[in-house]
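Put together the whole structure using the sequences plus the hints.
The letter at position 92 of the sequence shown is residue 92 when you use UniProt numbering, and the numbering goes up by one with no holes.
Calculated from the structure, these hints are not laboratory results. Remember, it's a predicted structure, so these values are computed and weren't measured experimentally. Every residue gets a Cβ at the ideal spot worked out from N, C-alpha and C, and that includes glycine. Treat the hints with caution; some may be incorrect.
In silico DSS-like cross-links for lysine-lysine, where the CA-CA straight-line distance does not exceed 25 Å [what the hints assert, rightly or not]:
1) Lys251 - Lys239
2) Lys168 - Lys2
3) Lys168 - Lys142
4) Lys110 - Lys155
5) Lys168 - Lys3
6) Lys127 - Lys142
7) Lys96 - Lys142
8) Lys263 - Lys239
9) Lys127 - Lys99
10) Lys276 - Lys251
11) Lys127 - Lys155
12) Lys3 - Lys96
13) Lys99 - Lys142
14) Lys155 - Lys263
Across the chosen pairs, the derived CB separations fall in these ranges [said to hold, decoys possible]:
15) Asp106 - Pro222: 51 to 59 Å
16) Ser98 - Pro222: 50 to 58 Å
17) Glu285 - Trp218: 20 to 28 Å
18) Leu243 - Leu264: 24 to 32 Å
19) Gly280 - Gly247: 22 to 30 Å
20) Ser237 - Asp128: 43 to 51 Å
21) Gln51 - Arg76: 27 to 35 Å
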Amino acid sequence: MKKCGYIAMVGRPNVGKSTLTNALIGSKISIVSRKAQTTRHRINAVLTDDQAQFVFVDTPGFQTRHAGAMNKMMNRVVTQTLSDVDVIVHVVEAGKWSKADEEVKDLLPKHAQKPVILVLSKVDALKDKNSLFAFTTDLLEKYPYAAVVPVSAVKQVQLSVLLDEIRKLLPVSDFMFDEDSLTDRSVRFIASEIIREKIFRLVGDELPYACTVTIEQWEETPKGVRIAACVIVERESHKPILLGTGGIHMKRIATEARQDIAKLLEMPVYLEVYIKVRKGWSERESALRELGYE
1 MKKCGYIAMV GRPNVGKSTL TNALIGSKIS IVSRKAQTTR HRINAVLTDD QAQFVFVDTP
61 GFQTRHAGAM NKMMNRVVTQ TLSDVDVIVH VVEAGKWSKA DEEVKDLLPK HAQKPVILVL
121 SKVDALKDKN SLFAFTTDLL EKYPYAAVVP VSAVKQVQLS VLLDEIRKLL PVSDFMFDED
181 SLTDRSVRFI ASEIIREKIF RLVGDELPYA CTVTIEQWEE TPKGVRIAAC VIVERESHKP
241 ILLGTGGIHM KRIATEARQD IAKLLEMPVY LEVYIKVRKG WSERESALRE LGYE
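Structure below.
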């Protein structure tokens with residue numbers, strides 16, 4: 001008897017949803033950084049074993065501080081995902097509960113209409129492990145979670161326990177994806193996300209979030225893949241931040257991205273990255289849709 005279903009990974013920004021998703025499937029599908037708003041798209045990551053197929057839906061962190069067009073779009077993705085899936089995993093950082101966590105909790109189905117598992121992430125970083133019981137008890141008074149699982153994605157702690165809890169709640173169903181599938185996203189999409197991750201990691205403190213990446217050219221040859229990628233920013237003043245002195249930042253972004261993409265594709269990659277200014281793109285829904293945002 002096979003089981004298969006969609007599992008939403010939800011939580012406030014920067015709580016570790018993407019890191020956990022990648023750890024569960026054993027491959028890097030969602031990009032990660034310490035910056036909030038790293039994940040902007042709904043990304044399906046697929047894990048298949050003998051008895052079940054888990055389709056993890058990694059969502060943007062639910063945004064409450066800013067109300068721009070992009071954040072409204074990301075919040076719509078979260079709320080739509082909650083209605084589409086079979087199981088919800090609410091990720092909360094172990095020992096920490098904030099107003100933003102409360103607002104995500106308020107989005108969860110009322111009266112346990114859909115099973116919700118509470119995951120306490122980054123448990124390895126919790127100094128006082130004895131405080132976890134009281135913390136968990138308090139959260140169970142806030143919402144009737146079907147199960148509670150403390151995990152560490154980085155240390156690979158209790159990931160199999162989490163999978164077992166999810167498996168119990170999946171519907172009986174044939175598999176929806178090929179058994180060797182890891183995601184429903186194209187390699188072009190993942191390549192663009194890898195480049196954006198390098199930007200966030202290198203100049204995320206200096207560059208506002210109003211940048212995105214599109215793949216303009218993708219040419220496969222017997223010698224490898226030739227990729228031309230465009231980083232779109234909102235202001236001329238963003239270009240020198242991205243470039244760095246003598247182009248040092250852009251060289252490092254391109255080098256590190258090329259290495260990760262080559263590892264993903266298992267073939268040589270020739271990557272060219274350039275910059276375009278497109279004023280106000282992140283505040284116009286038409287521009288967001290044109291650039292591939294949902």
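Now for the hints, and whether the structure bears them out:
{"no.": "1", "hint": "Lys251 - Lys239", "in the structure": "13 Å, holds"}
{"no.": "2", "hint": "Lys168 - Lys2", "in the structure": "12 Å, holds"}
{"no.": "3", "hint": "Lys168 - Lys142", "in the structure": "23 Å, holds"}
{"no.": "4", "hint": "Lys110 - Lys155", "in the structure": "33 Å, violated"}
{"no.": "5", "hint": "Lys168 - Lys3", "in the structure": "9 Å, holds"}
{"no.": "6", "hint": "Lys127 - Lys142", "in the structure": "24 Å, holds"}
{"no.": "7", "hint": "Lys96 - Lys142", "in the structure": "14 Å, holds"}
{"no.": "8", "hint": "Lys263 - Lys239", "in the structure": "28 Å, violated"}
{"no.": "9", "hint": "Lys127 - Lys99", "in the structure": "22 Å, holds"}
{"no.": "10", "hint": "Lys276 - Lys251", "in the structure": "16 Å, holds"}
{"no.": "11", "hint": "Lys127 - Lys155", "in the structure": "15 Å, holds"}
{"no.": "12", "hint": "Lys3 - Lys96", "in the structure": "33 Å, violated"}
{"no.": "13", "hint": "Lys99 - Lys142", "in the structure": "13 Å, holds"}
{"no.": "14", "hint": "Lys155 - Lys263", "in the structure": "23 Å, holds"}
{"no.": "15", "hint": "Asp106 - Pro222: 51 to 59 Å", "in the structure": "55 Å, holds"}
{"no.": "16", "hint": "Ser98 - Pro222: 50 to 58 Å", "in the structure": "53 Å, holds"}
{"no.": "17", "hint": "Glu285 - Trp218: 20 to 28 Å", "in the structure": "27 Å, holds"}
{"no.": "18", "hint": "Leu243 - Leu264: 24 to 32 Å", "in the structure": "26 Å, holds"}
{"no.": "19", "hint": "Gly280 - Gly247: 22 to 30 Å", "in the structure": "26 Å, holds"}
{"no.": "20", "hint": "Ser237 - Asp128: 43 to 51 Å", "in the structure": "45 Å, holds"}
{"no.": "21", "hint": "Gln51 - Arg76: 27 to 35 Å", "in the structure": "34 Å, holds"}
Going through the hint list in order, the structure does not satisfy hints 4, 8, 12.
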